[in-house]
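Chains A and B supply the protein sequences, listed in that same order.
Under the working numbering, the first residue of the first sequence is numbered 4, with each subsequent residue one higher.
Under the working numbering, the first residue of the second sequence is numbered 4, with each subsequent residue one higher.
Quick caveat, the hints were computed from the structure, so don't treat them as lab data.
C-beta atoms are modelled at their ideal positions from N, C-alpha and C, and glycine is treated no differently.
You may find that some hints are simply not true.
Listed next, with one range per pair, are the computed distances between beta-carbon atoms [to be verified]:
hint, chain 1, residue 1, chain 2, residue 2, range
1, A, Glu39, B, Leu89, 36 to 44 Å
2, A, Ser218, B, Asp120, 21 to 29 Å
3, B, Ser11, A, Ser44, 19 to 27 Å
Read off the chains here:
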Amino acid sequence: MTDRNKAAPGEPSEVELLLPWYAAGTLDPDEKRQVEAALASDPELASRYAWVRAEFAEETSIGEAAGDPSLDDARALFAKIDALPVRRRQSSFGFGERVAGFLASLSPRALGWSAMAAALAIVLQAVVLGGIVLHEKTPGSYQSASVPTATPGDGSYVLIRFAPAATAADISAFLTGNNLSIVGGPAGGQLYQVRVAPTKLAADELSRIVAKLQSDKVVGFIAATQ
Amino acid sequence: MPTTSDESLIARIAQGDRPAMEALFARYRIPVFRFLMRMVRNETTADDLNSDVFLDVWRQAGTFEGRSAVSTWIFSIARYKALNALSRRPAEELDEEKADTIMDQADDPEVALAKKDKAAVLRHCLLKLSAEHREIVNLVYYQHKSVEEVAGIVGIPEATVKTRMFYARKKLSELLTEQGIERGWP
């Protein structure tokens with residue numbers, strides 16, 4: 004443990020201040036290593052981190068529950084833009100970029116959950132795995148903070164960030180072997196929403212599943228959500 | 004599928020490129036809306052502000068100097084809009100919010116049941132944080148903004164970002180204690 008970890012009585016250490024960003028996966032590699040070393044050697048800090056993870060999971064639930072903008076928002080915005088004085092217009096955009104933009108704009112509300120759930124889950128999973136393959140080939144490619152996310156039904160869900168070393172094949176095997184379905188993501192920080200059961204499980208049962216999945220090398224971070 | 008960078012889109016928007024604006028809007032409309040919802044807690048207001056944010060992006064793209072990431076710039080516009088809307092909120096609306104908080108103190112059957120579920124209580128307390136604390140908690144946990152990015156969005160030094168997040172968490176602890184859950188420091 005370094006001097007940065009030591010704090011005056013009643014004051015948080017530098018490492019403790021960084022725990023929320025560690026949970027969110029937004030620390031630089033040096034800070035991340037520092038936090039991991041501190042967590043490994045300080046059981047009290049590790050127990051506080053359990054609360055940080057819980058906060059992270061609940062704030063994520065709140066964010067997802069905020070819903071989507073109205074379906075009319077694009078029309079409203081561009082009506083306002085059209086009312087402004089005309090600037091030089093260009094139309095140099097490629098078809099692929101426009102398709103990507105369209106896909107990103109699809110909201111779960113627009114898609115309609117009830118009839119589309121199964122199909123959407125399969126498509127999202129394929130897209131996600133395809134995205135992982137692309138990500139392996141194109142490091143630094145853009146990931147949005149929030150992309151189409153299927154609205155959960157009555158099932159049980161977790162948030163997973165896959166280990167950086169996990170390949171698309173590893174992840175595919177992990178999902179198949181554990182009977183899991185990716186239903187949304189990735190949100191920022193490469194978090195995927197994954198359905199672990201088609202019904203709402205008791206908290207104890209869900210915790211047991213989370214603990215089991217956590218032990219898989221494919222998983223970098225996992226937290227139960229609702 | 005390769006994706007055009009935010010910076011490239013902004014450069015095109017500055018030239019009046021509407022498809023570029025459509026792409027940037029598609030990319031950010033949901034995260035910005037959800038940030039606004041967390042701040043103003045009203046769907047209609049959040050929708051209106053979301054539209055205003057992107058109208059500003061269209062108008063001001065030519066002034067974007069690239070000193071921060073495009074997403075930082077967009078969220079800083081959204082934050083300003085949200086705080087402005089909160090400051091204009093009618094007094095009676097604020098009173099209703101305070102009344103909700105006071106009513107929350109009482110242990111009606113629903114709350115008593117919720118107390119059995121730690122996650123539900125934690126979520127309940129997160130919802131009760133002040134705007135200043137909601138803002139930083141959402142940016143860090145939900146929007147996955149780094150310390151540097153939050154500093155850019157909120158306009159405070161990085162050291163202050165860390166301590167503000169800590170005090171938001173400390174406030175959360177106090178709210179949890181009020182609900183009968185003692186988690187210690189913070």
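Checked hints:
| no. | hint | in the structure |
| --- | --- | --- |
| 1 | Glu39/A <-> Leu89/B: 36 to 44 Å | holds (38 Å) |
| 2 | Ser218/A <-> Asp120/B: 21 to 29 Å | holds (25 Å) |
| 3 | Ser11/B <-> Ser44/A: 19 to 27 Å | violated (45 Å) |
Of the hints listed earlier, the one the structure fails to meet is number 3.
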